[in-house]
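Here is what each chain is made of, one letter per residue.
There are 6 protein chains.
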Amino acid sequence: MSKVSQKSFKRGYAVMKKMGRETLMLDQKANCPDMYDMSVAHLFGDVWGRPGLSLRDRQLVTLAANIALCRPRGNYSHYRSAMHIGITKKEINEVIIQVAHYAGWPTLSLANHQFSEVLKEQRDHKRGKNLDRPLLV
Amino acid sequence: MSKVSQKSFKRGYAVMKKMGRETLMLDQKANCPDMYDMSVAHLFGDVWGRPGLSLRDRQLVTLAANIALCRPRGNYSHYRSAMHIGITKKEINEVIIQVAHYAGWPTLSLANHQFSEVLKEQRDHKRGKNLDRPLLV
Amino acid sequence: MSKVSQKSFKRGYAVMKKMGRETLMLDQKANCPDMYDMSVAHLFGDVWGRPGLSLRDRQLVTLAANIALCRPRGNYSHYRSAMHIGITKKEINEVIIQVAHYAGWPTLSLANHQFSEVLKEQRDHKRGKNLDRPLLV
Amino acid sequence: MSKVSQKSFKRGYAVMKKMGRETLMLDQKANCPDMYDMSVAHLFGDVWGRPGLSLRDRQLVTLAANIALCRPRGNYSHYRSAMHIGITKKEINEVIIQVAHYAGWPTLSLANHQFSEVLKEQRDHKRGKNLDRPLLV
Amino acid sequence: MSKVSQKSFKRGYAVMKKMGRETLMLDQKANCPDMYDMSVAHLFGDVWGRPGLSLRDRQLVTLAANIALCRPRGNYSHYRSAMHIGITKKEINEVIIQVAHYAGWPTLSLANHQFSEVLKEQRDHKRGKNLDRPLLV
Amino acid sequence: MSKVSQKSFKRGYAVMKKMGRETLMLDQKANCPDMYDMSVAHLFGDVWGRPGLSLRDRQLVTLAANIALCRPRGNYSHYRSAMHIGITKKEINEVIIQVAHYAGWPTLSLANHQFSEVLKEQRDHKRGKNLDRPLLV
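Chains as they are written, first to last, in our numbering: chain A, 1 to 137; chain B, 1 to 137; chain C, 1 to 137; chain D, 1 to 137; chain E, 1 to 137; chain F, 1 to 137.
Don't take each hint at face value.
No copy labels: a pair is met if it fits in one copy or bridges any two.
[Unchecked claim] As a list, the in silico DSBU-like pairs of lysine-lysine whose alpha-carbon atoms are at most 30 Å apart:
id, residue 1, residue 2
1, K10, K90
2, K90, K3
3, K3, K18
4, K89, K18
5, K7, K89
6, K89, K129
If you're looking for bench data, these hints aren't it; they were derived computationally from the structure. Bear in mind that the values here come from a model prediction, so they are computed numbers and not experimental data.
Take the sequences, apply the hints, and build the full model.
Here it is, written out as structure tokens:
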């Protein structure tokens with residue numbers, strides 16, 4: 001029995017591809033396929049795939065929520081997908097500065113660190129370095 | 001001695017006026033004028049007043065951070081200022097739905113409640129009702 | 001266009017009835033019907049309605065998560081539905097004590113206050129008092 | 001069977017009296033006497049009553065933690081007990097400003113509001129007003 | 001002078017053994033013996049050791065609280081002790097899915113990652129690999 | 001154009017030197033010089049540099065806020081600067097114990113771990129070991 005709608009799953013996967021995220025969340029698939037299916041179908045298909053707000057706006061507010069919550073995992077990938085869909089490095093830094101004033105200075109410190117690591121990862125990849133390392137998540 | 005820069009204070013106050021927020025934070029002024037000065041000059045002058053991100057984008061990411069953090073106070077006013085600068089009711093509802101999936105369902109419940117209260121406050125004001133009540137903060 | 005699956009919606013509504021929650025979340029319906037549909041179909045239908053964990057266990061872990069997060073809204077109703085499905089007052093107090101040691105003493109203070117308010121609401125209803133007040137959410 | 005040590009309970013109650021907090025937490029006693037006993041004996045007896053840090057320092061760091069966590073309940077009383085043991089209004093405002101920069105601007109807004117309410121409560125009491133209202137918690 | 005009750009300490013240590021946790025928290029003992037004593041006697045003796053809720057229920061709600069709070073440390077060990085007392089892998093995955101909908105999708109991502117690491121640690125130990133590595137905490 | 005006041009920047013840098021923090025936050029400078037300037041001028045110059053509360057008190061409440069918020073980054077350095085300005089190891093352990101009871105036991109676990117790492121870093125440095133490793137942040 002497949003618990004999620006195939007239509008939602010396909011729409012979700014399409015959104016993920018557009019954002020360069022199609023190789024992510026595979027550890028969910030390995031441990032618990034239902035989790036992966038819900039992440040693709042419900043989160044990316046039924047939420048990110050909704051009309052009413054541009055993909056850019058959804059990415060900006062998601063970055064903001066994640067920076068504010070300052071969790072140890074789950075934000076690196078959004079710096080990458082933000083740049084993938086055309087949000088500039090400068091804009092991301094402004095999002096960090098803006099959110100940090102609502103969530104506290106250490107959120108600026110963590111966000112700057114995580115974003116810097118993602119930029120380094122991309123520079124490395126351009127030079128053919130560390131291509132076998134798992135992407136930052 | 002004035003501790004904040006007059007230039008920053010003026011820029012901050014101008015941003016606040018543009019957002020319809022110039023009558024807010026007066027309880028800070030009453031209890032501790034320095035707090036109010038820092039809020040106007042540092043938060044609105046030096047942060048909201050920065051170039052590099054549109055006012056609409058700053059408002060969207062601020063709404064998102066505040067919805068995610070789910071604090072008891074400090075978010076009502078941002079629903080009001082978001083609409084004041086042209087963000088639609090429908091867009092705000094999409095921000096709530098998007099952020100709630102990153103911050104948890106009860107953040108949807110609180111945000112929907114707070115936004116509904118702000119919409120009711122505005123309907124009341126249009127009908128000349130409850131004009132003397134302090135604005136929701 | 002209905003965005004959520006009717007099957008999920010029905011399953012979710014059935015779970016809500018079993019928990020005595022079928023009159024909740026109507027402020028979502030009033031402000032944004034899509035939010036309500038997602039809450040019923042996705043949260044109650046696709047999550048609460050999953051096999052693999054008893055309804056009692058799902059209610060206990062949901063209470064625990066909400067007590068820990070200490071949000072201003074969204075937990076009163078879970079004390080009510082917990083008792084509706086047979087979790088005792090004593091067990092709920094033990095959940096509060098247990099979680100408070102992982103989330104901090106003020107979460108005990110808030111949870112004890114909210115649970116006491118729900119118990120008072122139920123005593124009032126038994127005596128025919130305050131029947132027209134909106135249920136605590 | 002009494003589950004907490006009487007020695008700890010007495011030490012805790014003595015600390016609470018020194019801080020002007022001896023009439024608080026009675027809603028815990030009403031709903032679940034064990035919670036109250038643990039709050040008095042463990043929190044105030046075994047933690048607040050420890051040597052190694054002055055009462056003033058313990059109060060300052062407790063205020064700071066509570067301001068940072070921005071919970072809807074449980075902080076009003078600490079503004080009152082802080083002043084009861086001699087921390088000045090000006091020092092409390094500085095704590096709010098300092099912590100807010102580590103926890104985000106809305107924590108300043110909530111803390112300023114709660115502290116202002118406590119100051120108003122005390123002015124009212126001096127004038128014999130609202131003496132029958134429950135103390136802010 | 002021993003500050004915690006020996007009776008509570010013994011009861012706590014017995015609970016820890018039952019849960020397979022008796023080798024944990026030794027870094028607390030190394031840095032500050034009082035912290036370790038309080039953790040064993042107060043947390044495990046006076047809270048986990050209380051009647052009124054089964055050990056399984058206390059473990060489920062503790063897992064839920066910790067998943068919800070999404071802290072960088074302190075949850076790995078609870079996946080291990082949950083399995084030690086008989087909670088199945090499948091049930092733990094359901095707890096993760098349930099809580100994540102109340103605390104936000106990145107809490108699912110972190111919990112799935114941490115639980116997967118614990119499962120890998122156990123597979124390694126069965127094969128005699130990495131036996132000298134400190135247990136995940 | 002320099003966006004921050006030179007006076008504030010100088011005052012902030014002087015505070016940072018007093019606290020032994022002058023080599024920190026250089027990753028901010030590398031990624032986004034404005035962030036660094038704001039951190040020095042606004043956070044250390046305009047907040048830490050304020051009168052009305054001693055440097056020791058500001059350090060204690062900052063430690064407390066950071067321990068309570070339990071973020072993955074940004075607290076190691078405050079254990080170091082606390083000791084740099086004369087707060088003892090014993091006092092820091094008491095701050096951890098006090099705050100943990102308001103923020104939850106896992107915050108004790110994380111704080112004890114981070115503080116232990118900082119103490120180890122200092123022992124290593126005294127013995128001339130690991131001098132080239134980046135300081136814990």
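Outcome of the hint check:
| no. | hint | verdict |
| --- | --- | --- |
| 1 | K10 / K90 | between (33 Å within a copy, 25 Å between copies) |
| 2 | K90 / K3 | between (41 Å within a copy, 16 Å between copies) |
| 3 | K3 / K18 | both (24 Å within a copy, 21 Å between copies) |
| 4 | K89 / K18 | both (19 Å within a copy, 27 Å between copies) |
| 5 | K7 / K89 | between (34 Å within a copy, 28 Å between copies) |
| 6 | K89 / K129 | within (22 Å within a copy, 37 Å between copies) |
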